[in-house]
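Protein chains: 4
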Amino acid sequence: MITVLKEETTEKQRNELISWLEGLGLRVHVSVGDYKTVLGLIGDTSKIDVEMLEVLDIVEKVTRITEPFKSANRKFNPKNSVIDVKGTKCGDGNFIVIAGPCSVESEEQIVEIAKKVKASGASMLRGGAFKPRTSPYDFQGLKAEGLELLLKAREITNLPIVTEIVSINHIPLFEDVDVIQVGARNMQNFELLKELGKTNKTILLKRGFANTIKEFLMSAEYIMSSGNENIILCERGIRTFETYTRNTLDLSAVPLLHNLTHLPVIVDPSHGTGRANLVKPMAAAATACGADGLTIEVHNNPKEALSDGEQSLTPEEFEDVIKQVNKIREAIV
Amino acid sequence: MITVLKEETTEKQRNELISWLEGLGLRVHVSVGDYKTVLGLIGDTSKIDVEMLEVLDIVEKVTRITEPFKSANRKFNPKNSVIDVKGTKCGDGNFIVIAGPCSVESEEQIVEIAKKVKASGASMLRGGAFKPRTSPYDFQGLKAEGLELLLKAREITNLPIVTEIVSINHIPLFEDVDVIQVGARNMQNFELLKELGKTNKTILLKRGFANTIKEFLMSAEYIMSSGNENIILCERGIRTFETYTRNTLDLSAVPLLHNLTHLPVIVDPSHGTGRANLVKPMAAAATACGADGLTIEVHNNPKEALSDGEQSLTPEEFEDVIKQVNKIREAIV
Amino acid sequence: MITVLKEETTEKQRNELISWLEGLGLRVHVSVGDYKTVLGLIGDTSKIDVEMLEVLDIVEKVTRITEPFKSANRKFNPKNSVIDVKGTKCGDGNFIVIAGPCSVESEEQIVEIAKKVKASGASMLRGGAFKPRTSPYDFQGLKAEGLELLLKAREITNLPIVTEIVSINHIPLFEDVDVIQVGARNMQNFELLKELGKTNKTILLKRGFANTIKEFLMSAEYIMSSGNENIILCERGIRTFETYTRNTLDLSAVPLLHNLTHLPVIVDPSHGTGRANLVKPMAAAATACGADGLTIEVHNNPKEALSDGEQSLTPEEFEDVIKQVNKIREAIV
Amino acid sequence: MITVLKEETTEKQRNELISWLEGLGLRVHVSVGDYKTVLGLIGDTSKIDVEMLEVLDIVEKVTRITEPFKSANRKFNPKNSVIDVKGTKCGDGNFIVIAGPCSVESEEQIVEIAKKVKASGASMLRGGAFKPRTSPYDFQGLKAEGLELLLKAREITNLPIVTEIVSINHIPLFEDVDVIQVGARNMQNFELLKELGKTNKTILLKRGFANTIKEFLMSAEYIMSSGNENIILCERGIRTFETYTRNTLDLSAVPLLHNLTHLPVIVDPSHGTGRANLVKPMAAAATACGADGLTIEVHNNPKEALSDGEQSLTPEEFEDVIKQVNKIREAIV
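Chains as they are written, first to last, in UniProt numbering: chain A, 1 to 333; chain B, 1 to 333; chain C, 1 to 333; chain D, 1 to 333.
One or more hints might be untrue.
Any copy, or any two copies together, can satisfy a pair, since identical chains are not distinguished.
[Unchecked claim] Below are the DSBU-like pairs computed for lysine-lysine, each with C-alpha atoms no more than 35 angstroms apart in a straight line:
no., residue 1, residue 2
1, K214, K116
2, K12, K118
3, K79, K12
4, K6, K131
5, K6, K86
6, K70, K115
7, K323, K131
8, K118, K194
9, K327, K12
10, K323, K6
11, K79, K327
12, K61, K12
13, K36, K86
14, K75, K152
15, K152, K116
16, K214, K115
17, K75, K194
18, K201, K327
19, K143, K327
20, K116, K36
21, K86, K12
22, K327, K198
23, K116, K61
24, K36, K194
Hints in this document: simulated from the structure, not taken from any laboratory.
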C-alpha cells in the first residue's frame, strides 16, 4: 500500500504516523520527493482501514497495490472453485443454466415452466417468491407460498431451486432452498451477508447495479469471512447514462473477475439488458468470454394473447438460446 | 399514463389490453398513428405496475405522466411538511444543523463534540454506532455501546440524536433514538423501510449513491405507505465518472425535490464531497438553493497531531461554516 | 411523437400549438386527461426539433415514438448494408479484422506489423498518424509522415489502411487513405462529419465514450445526410463509474444497433477495456453477439524487454485471438 | 509520480526502465515490497507520457502525485487570474453575468434582449449563431448573419458579446467577437484548442458533459501552452444516470477548480439543469460556493403565447435572479 503525505507534513507528524504503522506490523519504506513524501507499506495491509488512514490530515492519498480481499483472492487460492449443488456443479469448466419465471404465479405455471426448461437443458429452476419492487404499490410476490410452489416444482423435476431473499429474517424460511439469491439492491446489505455467511447454503450473489468489481468482491468476502465459501458471482448489468437498455451488461467483468478471484461467475442477460430480443446474443457473448453459467428468465402461459415478456423468453426461444450456447462452448474449448 | 403499442399488434390484442385496463378502473383513449398506436390511460394510474405492462409483448413503451408516488407527492399535499423532533423543527422555513463525528469512539469524545457543536449552533447530534463498511475487515462501530454513549451525550446537551440503522433486527435497540438514519446503501432495503414505517420515529432517509430522484421518493413512499410520515430526505452525492470527489453532490436535487414533494430536504456536504475543504462552500451552496438543513461531520481530539479528517471539520471550522450559512439564509429570505 | 401539455395550459395556447404543428404537415390527435392533455403527432415528425418544442412553456414533455434518424434507420432500409473497401467487404455476413499499432512509429515497425497481422488473417491495417491526446505534452503522432509510412505498408501488403482524422483541415491529406476513422472525441464534431459526408471515403465512426446509441446514430445520420453512406459503426466502450477497466465495453450495443440500423457494427476490444488480457475474451464475446468485425491493437519489437502494451497484443497473441474468433463465427452460423 | 511494477518483473527489466527514466532527467527511488516493486519518480514528471509508461508490460499501474498541468496550475501560479474583456473583469472577486438567448433569431429579438438584460445588470451578451445540434435536421443557427446581429446589439448596448465556435475554419469570422465560447462537445477538439491558443481572444471553455476535472484543465492547458492565457472555465453539468434533469450540475467543481487552478470559473445553470424553474436556485448556489460569474439563457417575445423556454428565463425572471445573486455575494464576502 502506498501513502502519499501532504507537503506541509512535519517530520514529527511523519514519524508519529510511521511508528503507528509499524505498530500494525508493517514495514514502512520512505521516499522523499520534491513536493511530497511517499510511504510504501510492506506486509499484510489487508487489516488496514484505508478510510481511517485517509482521515489523517497529513495524508493526501492512499493507493492499495495488493487487493483488500483475501478469501476470494485468486492470488491466495489459485485453483478455480467448484460449487456443488446436489451434484450440479458450477465453475472450473462446469457450466450451469438457471431458468424460470420472474415471479412464481401459480403451481401450474411454475411446474409447467420447470418441466419445459429442464427438457431444454436447464440445470436449475429460478422463480421469485419475495420480489423487491421500487414501488410499494407493485406486486411483491407470493412470498412463503411462492417458496412452497418452488419446492413442489423441484419435487416433480428434481431441478435444484434458486430464489431471492430480501430480509435477514427470512433465512429460516429458506431452509429447503438450494441456492439463495442475493439481489443487486442487497449486495451491500452487510448484515444479511454476514448471516448468510453462517449458513452452508450456496449463495448466488448478484452485482449491485452501481457497484464496482472491487465492492462486489468485498461483499463476497463478507460471506466468506463468516464461514461460507459456497458463492457464485453474477454479473447482471450496471447503471449508466444509456437509456435504450435497462442496464449496461458489463461482460468484461467476467474475465476480469476470473483474473481476480477463484469463484465462479455467471451472467444474467435478461435483467442485464431488459429486452427479450437481446437475451440470445448476450447469452452467446457471455458464454464466449468464459462465463461459468447463465440465469435466464423464461415464462409460459401460451393461452393468453398478452404473453411475451419484455425481458423474458418463451420455452421455445430458451431452447434455441441453449443450443447456440452449447455450440459456442465447444468452439472455445 | 401513455402506452405505445407495437406495429404488429392485432386489433384483437389491442382490445384485450384495453378491456383489461378498463377493468382496472381507467378510461382508455386510443390514438392511431402511421406506425404505432398510442393508448392514453386516464384516472388513477398509481396502482398500475409499469413493469407488468411493459412485460406485454404488444407494448413497446410505457410513459408515466403523473408520478407514481402519492403520500410524498406535493400535488396531493401542497403544504410543506414540518418534521418536529422534540421541539426542533425541520421544513417550511425551519432549518436544522445535524453535526457530530463519523463514528462514536468514546464517551469523552462524543460528549466533548456534542458540547462544542451545540455551542456553535448545531440543533442535533449525529454519530455512527453501527457502521456499514465496504470491507468486513474495517471497523464496524461500537454498536449498542455507541448508542449508549450517544444517549449520555444527549442527557448532557439536550441535543436530539441521529444515528444510522443497518439491520431490521436493530429497531428495538433504537427505541430511545430521536432520528433514525437510513444510509445510502439501505435506501432500497424495502423490508427495513416497511418496518420503519410502522414506527413513529423520524426517519432521515439518505439518497442511494446511484438512485434516481424518483426511486428516492418511492423509498419515502414505502415508509409513508406503512404509516410513518415523519421523513426528512437527505441528498448526499451520487456516483459518477468523476474521481476527484468521492461523490458528485447533486444540489439540483434540492429544488427539484421541493417541486415534487412536501417533505423537507437536507444536504450532507461531508459525504457528498469526501473532502473537508469542500464542506464550507458546498454547505453555503446547499443553503442558497433552499435546503431545509445540513448534516456535517465534526471531530475533535486537538491533542493528537494526526487529527483532521478528510471529510470532517474541527469544531472551529464548523462554527465558521455555520456563521456563513446563517448569513446566506438571511440573504435568500 | 407524443407531446404532453402542462396542466395550466389554456385552450388558446393549446390551439395555437396545434395549428402550428398542423402547419408543419402533421396530424394532431388530442387526448384530454384528468391533469394533463396529450397530443399525438402523426406523420413525418423527423423534421420536428424536439428541443424547439420542449422550449415551449406549455409543454411538459415530448416523447418520440419513431426514431429521428432516417437514412441510417433499418425501418426505412431493411437490407443489411455491405461496405466494400477495395474488395474487402464488411457487413451482412462479411467479417473484417482491422489490426495494427496504436501509433505509427517507423517504416520498419509498421511494415513488420503489417506483414505479421496479414499472415494471421487481418483484412485491414490500422495505425495512428494524428493522435488526439488529453495532454498537450504527450506524443501527438508522426502526422503526415505517419500517413506516408502507412501507404508504404499498404504498397507492400496490399492491406487497405485505416487511420484517424482529428481536423477538418486534414481531409485533403487523407486522399489516399482507404478508411478514415472518426475517433470517440470527434463523434459529435458535426462540422467534421458534414465534410466527411461530402467525400466518398469509408468512414469508421467510433462511439463517443459518453454518447447514447441514439446520438451515435444521429452522428452517422450527419454523414449520410451529406451524401456518404459508406459508414462502419464501432463500439469502443463507454465511461462508467467502474475503474478497473479504462472503459466499459457495451456489447449489447451490437445487437441493439443491428435492430435499429442497417449499417455494419464492429467492436474495439483494445480501447474498450484498456487491458491486453481482456482482448481475447472480449473479441470472442463481440463475435458471438454478431459483430461484423473487430479492430485490435497489435505491436511488435520483440527485441526490447519493455515491449508488451497494456491494451496491445503481440502478433502471436493476435493470431491466437483470430483462431478463436473464427471458431466462434462457425458456431453461430 | 509512482510506478508499480508487476511481480514477474526481472531485475534486468527493472534496471532498463530505471535508466530510461533517469535518462529523462528524473531521480528514481526504488521500494521493494513482498509482491511488487514501487518506483518513486522525482523531478519534473509533467513531460512523462503516462500512457507510454502504462504500455510497458512490466508496469502494473502509474499514479501521478503532482498534476500534469503547468500553466493552469495554481501551485505554479498562486495568484488568481483576472480576465479583462474591454474593461469588464472576471476573476479574483470580479463577477460577470453573461445573458442572452439560446439562438440569435432576428435583429429585433437580440437587440431587445440585449437592452433588457443590460438594464437588469448583465455584463455581457450571449447568443448562438452557430449551433451544434445532435440532429442534422435541427436548426443550425443563423451562422455568419447571427454574428452580424450580435455586433449590432453590441453597438447599441456596448455589452461585450459571447458566442460559440464550432469549427476551426470559422476563427476568422470571429475576429470581432469579444469572447469565443468552446462548447462541451468541442472541449476535446484539440486542433481547435491549439488554434484558439494562437489568438489573443478570451476563451470561454465549457466542461465536456462527460469529462473529468483533470481533462477539463488539460484542455485549458492546450490553449495556454499555445500562448493564450485568457481563459474562463465554465461548469455546465455532467451526464449521469439521473433523468429528471438534462444534466447534473457539478457545483463542487467550482471550489475544486479554485483549489487546482488560478483561472476564473463560472457556472451555466440553464444548460446545467435544462429546467427554467431550477435556474434561480442553482444560480444562487453557484454564487454561494464562489463562482466568478454566471451564464444564463434569457429570451423575450412576450407577444407570443408560446413563449417561455424550458431552460430559459424572461427578462423579468432574470432580473429577479440577479437581485438574489447580488444579496448572496454580499453575504459571502
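Hints and how they fare:
1. Neither within a single protomer nor between protomers do K214 and K116 lie at most 35 angstroms apart by alpha-carbon distance, with minima of 38 angstroms and 38 angstroms respectively.
2. Taking CA atoms no more than 35 angstroms apart as the test, K12 paired with K118 passes between copies only; the shortest distance there is 33 angstroms, against 69 angstroms inside one copy.
3. In the homo-oligomer, the alpha carbons of K79 and K12 lie at most 35 angstroms apart only across protomers (31 angstroms), although the nearest pairing inside one protomer, at 46 angstroms, exceeds that limit.
4. Only between protomers do K6 and K131 lie at most 35 angstroms apart by alpha-carbon distance; the minimum there is 28 angstroms, versus 49 angstroms within a single protomer.
5. In the homo-oligomer, the alpha carbons of K6 and K86 never lie at most 35 angstroms apart, since the shortest distance is 56 angstroms inside one protomer and 41 angstroms across protomers.
6. Taking the closest pair of Cα atoms, K70 and K115 never come within 35 angstroms of each other, the shortest separation being 41 angstroms inside a single copy and 42 angstroms across copies.
7. Within a single copy, K323 and K131 get their C-alpha atoms as close as 30 angstroms, which meets the 35 angstroms cut-off; across copies the closest is 44 angstroms, which misses it.
8. Taking the closest pair of Cα atoms, K118 and K194 come within 35 angstroms of each other only inside a single copy of the chain (33 angstroms); across copies the shortest separation is 37 angstroms, beyond that limit.
9. For the homomeric pair K327 and K12, neither the shortest alpha-carbon distance inside one copy (66 angstroms) nor that between copies (39 angstroms) is at most 35 angstroms.
10. In this assembly of identical chains, the alpha carbons of K323 and K6 lie at most 35 angstroms apart only when taken from different copies (29 angstroms versus 59 angstroms within one copy).
11. Taking the shortest alpha-carbon separations for K79 and K327, both the intra-copy value of 26 angstroms and the inter-copy value of 27 angstroms come in at or below 35 angstroms.
12. For the identical chains of this complex, K61 and K12 are neighbours both inside a copy (19 angstroms) and across copies (31 angstroms), given an alpha-carbon limit of 35 angstroms.
13. For the homomeric pair K36 and K86, neither the shortest alpha-carbon distance inside one copy (57 angstroms) nor that between copies (41 angstroms) is at most 35 angstroms.
14. Within a single copy, K75 and K152 get their C-alpha atoms no closer than 42 angstroms, and across copies no closer than 46 angstroms, so neither meets the 35 angstroms cut-off.
15. When the C-alpha separation of K152 and K116 is checked against a cutoff of 35 angstroms, the pair qualifies only within one copy, where the shortest distance is 15 angstroms, while the shortest distance between copies is 60 angstroms.
16. Taking identical chains as interchangeable, the C-alpha atoms of K214 and K115 are never at most 35 angstroms apart, the minima being 38 angstroms within one chain and 39 angstroms between chains.
17. Taking identical chains as interchangeable, the C-alpha atoms of K75 and K194 lie at most 35 angstroms apart only when both belong to the same chain, with a minimum of 24 angstroms there against 42 angstroms between chains.
18. When the C-alpha separation of K201 and K327 is checked against a cutoff of 35 angstroms, the pair qualifies only within one copy, where the shortest distance is 32 angstroms, while the shortest distance between copies is 38 angstroms.
19. Proximity of K143 to K327 under the C-alpha cut-off of 35 angstroms is found in neither arrangement, the shortest distances being 38 angstroms within a copy and 45 angstroms between copies.
20. In this assembly of identical chains, K116 and K36 lie within 35 angstroms of each other by CA distance solely across copies; the values are 34 angstroms between and 65 angstroms within a copy.
21. In this assembly of identical chains, the alpha carbons of K86 and K12 never lie at most 35 angstroms apart, being 61 angstroms within a copy and 46 angstroms across copies at closest.
22. With identical chains, the CA atoms of K327 and K198 are never at most 35 angstroms apart, being 39 angstroms at best within one copy and 44 angstroms at best between copies.
23. Taking CA atoms no more than 35 angstroms apart as the test, K116 paired with K61 passes between copies only; the shortest distance there is 29 angstroms, against 55 angstroms inside one copy.
24. Proximity of K36 to K194 under the C-alpha cut-off of 35 angstroms is restricted to the inter-copy arrangement: shortest distance 32 angstroms between copies versus 40 angstroms within a copy.
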